[in-house]
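**Student:** For the protein sequence lines, the chains are A and B, in the order given. The numbering used here numbers the first residue of the first sequence as 1 and each following residue consecutively. The numbering used here numbers the first residue of the second sequence as 1001 and each following residue consecutively.
It is worth saying that the hints were derived from the structure and are not from the lab. All of these numbers come straight from a predicted model, not from anything done at the bench. There may be inaccurate statements among the hints.
[Stated by the list, open to error] So the derived label-pair ranges between C-beta atoms look like this:
#: 1; chain 1: A; residue 1: R108; chain 2: B; residue 2: S1048; range: 42 to 50 Å
#: 2; chain 1: B; residue 1: R1019; chain 2: A; residue 2: S48; range: 49 to 57 Å
#: 3; chain 1: A; residue 1: G127; chain 2: B; residue 2: E1010; range: 44 to 52 Å
#: 4; chain 1: B; residue 1: G1276; chain 2: A; residue 2: R20; range: 47 to 55 Å
#: 5; chain 1: A; residue 1: Q56; chain 2: B; residue 2: D1247; range: 32 to 40 Å
#: 6; chain 1: A; residue 1: Q56; chain 2: B; residue 2: G1188; range: 53 to 61 Å
[What the hints assert, rightly or not] Calculated from the model, a selection of chain B residues having no Cβ within reach of chain A, i.e. all distances over 12 Å:
#: 7; residue: P1024
#: 8; residue: K1025
#: 9; residue: Q1029
#: 10; residue: G1054
#: 11; residue: V1055
#: 12; residue: S1216
#: 13; residue: G1219
#: 14; residue: R1252
#: 15; residue: A1261
Beta carbons are placed, not taken as given, at the ideal position from N, Cα and C, and that holds for glycine.
Number of protein chains: 2
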Amino acid sequence: MDERVPRDFETLRRTILDRRQSLPKRIAQIAAYALDNPDDIAFGTAASIAASAGVQPSTLIRFAQQLGFDGFTSLQLVFRERLRERNSSYDERLAALRAKAEEGAGHRAIFDGFVAAASTSLNDISGRLNEDHFEDAIALLTKAETIYVLAKRRSYPVASYIAYALGKLKIRNQLIESAAGLNAEMIGFASPRDAVIAISFSPYAPAAIEEARVISEQGVPIVAITDSSFSPLAQFAKVWFEVAEADFAGFRSLSATMALAMALTVAVGEKRRDAGRKRKT
Amino acid sequence: MDERVPRDFETLRRTILDRRQSLPKRIAQIAAYALDNPDDIAFGTAASIAASAGVQPSTLIRFAQQLGFDGFTSLQLVFRERLRERNSSYDERLAALRAKAEEGAGHRAIFDGFVAAASTSLNDISGRLNEDHFEDAIALLTKAETIYVLAKRRSYPVASYIAYALGKLKIRNQLIESAAGLNAEMIGFASPRDAVIAISFSPYAPAAIEEARVISEQGVPIVAITDSSFSPLAQFAKVWFEVAEADFAGFRSLSATMALAMALTVAVGEKRRDAGRKRKT
DNA sequence: TATGGATTGGAATTATTATTTCATATTGCC
DNA sequence: GGCAATATGAAATAATAATTCCAATCCATA
């Protein structure tokens, strides 16, 4: 038997959803029940679960076997594991991760360190976001004809995700990068009717700061994501956000910045959609 | 029997702590174990729990009876109920956040949604990383002359951060992208002495899959980060990681993928440094 | 509408697990 | 130190639960 048996709940869930169409009626019935009442599967007995789902115990076992398990019992283990995982509280786990990462035990510790850094950053920002700034930034970006996205080096991944998302949302945007060295010309097209999202953290990439300066002098409003009020980026920005990203092994987590960037993007998309609908009515 | 039987975990806990002093040795032993490992009580069998706690099953039953339950089974129910409770509150919180965002309750909810998605993903991966795969991937990448990084569209931000980090660590690498449309030629240079980090999530960008196929046919080992065992990327990979990223408003969080990618990168850097030092001595 | 294969229901069987029992050990008390 | 009360260990037993098996039914196809 080399069939791939889902050993975690998420995989199991997706496997079930994938096969949903091709399952026989009763099996499908128990499959739906399982996804709707995972706790019951975790705690119940084959007989009690079967009764609640309105099938025979044997059907429940056939369901498990069809998924590659060798019986109901092994299927149930996955549902139990899920409860165990979810149970331990967020803070406890984070503390444990940090401790392990700090005592420096091998490669696993490196991984834990990055996870801890990302979690910390998210924790931090979720309590710190300035809602007024957030609304201002959304308003500003919603009005823009073209949204320019500016970030270099370590912040560049965020910029590329913003550009991807804006594209998906059909919002005109321009990532300021050019393999041909035409950045300056690209910036030249920006006008006060456009807007910029600029991202830079210490040590600030000189190119990013310089381009932000030029573009703000053209009267283009800038929304900045940066790490402190002393940031050179802040002085050019109409609205700016302070994001404190934890780092690990010299590399900064991008999770908080990503979350903020995506929230801005989606909020702008939503606000434009609403405005469009209103205009039509 | 009108003895007061604790029917919720908190009451039970306090009852146990109250009586701790007056309990016989073995009973006290199982009592301590129960409070320290409530999950084990919830899921284990009388025999398995007794063994872990270093007592006889009969002792476990006597413990339950002393607390007023009529047997181990009814004691166990309290521990199971506790897991149910905790878990549902967790789900409720997350569902509430999503619901708020989906019913359009302000922009703040969108932000919270992204933070929640990122946290969930991190939580998820931290318990699920396969350490053997992780070590294999590190070993494989450490040996490589050049590390090629392959990812398109929504996964591209991760690739660009990997490339940045590898550069910082002075590890030769090549991001597979070309404004001049020379991807195929770029791939052509890769040899079996190199390695690839490939990242792709459903719906898999055709270009990424195609390039992974070509490069694997050249005998270049691939480390893949993807979302399920059904991923077309998995079949080309020497080592692959399954990362389940939560999504929000149609955009997948990248936080877990980022953490894994950075951990791989830094671990490779560290392993190379160690190897270099050994060679010198 | 007849036929073969797949699916399902329900009881029989097997396995696992909780509980009880009883012999033995330990403890507190005179 | 001896005796009773209590606690413990280990195995037997009872209970419960999972699995298997086979007959009945359903469903697609010719």
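**Student:** Sort out which numbered hints this structure fails and list those numbers smallest first.
**Tutor:** Violated hints: 1, 2, 3, 14, 15; rest satisfied.
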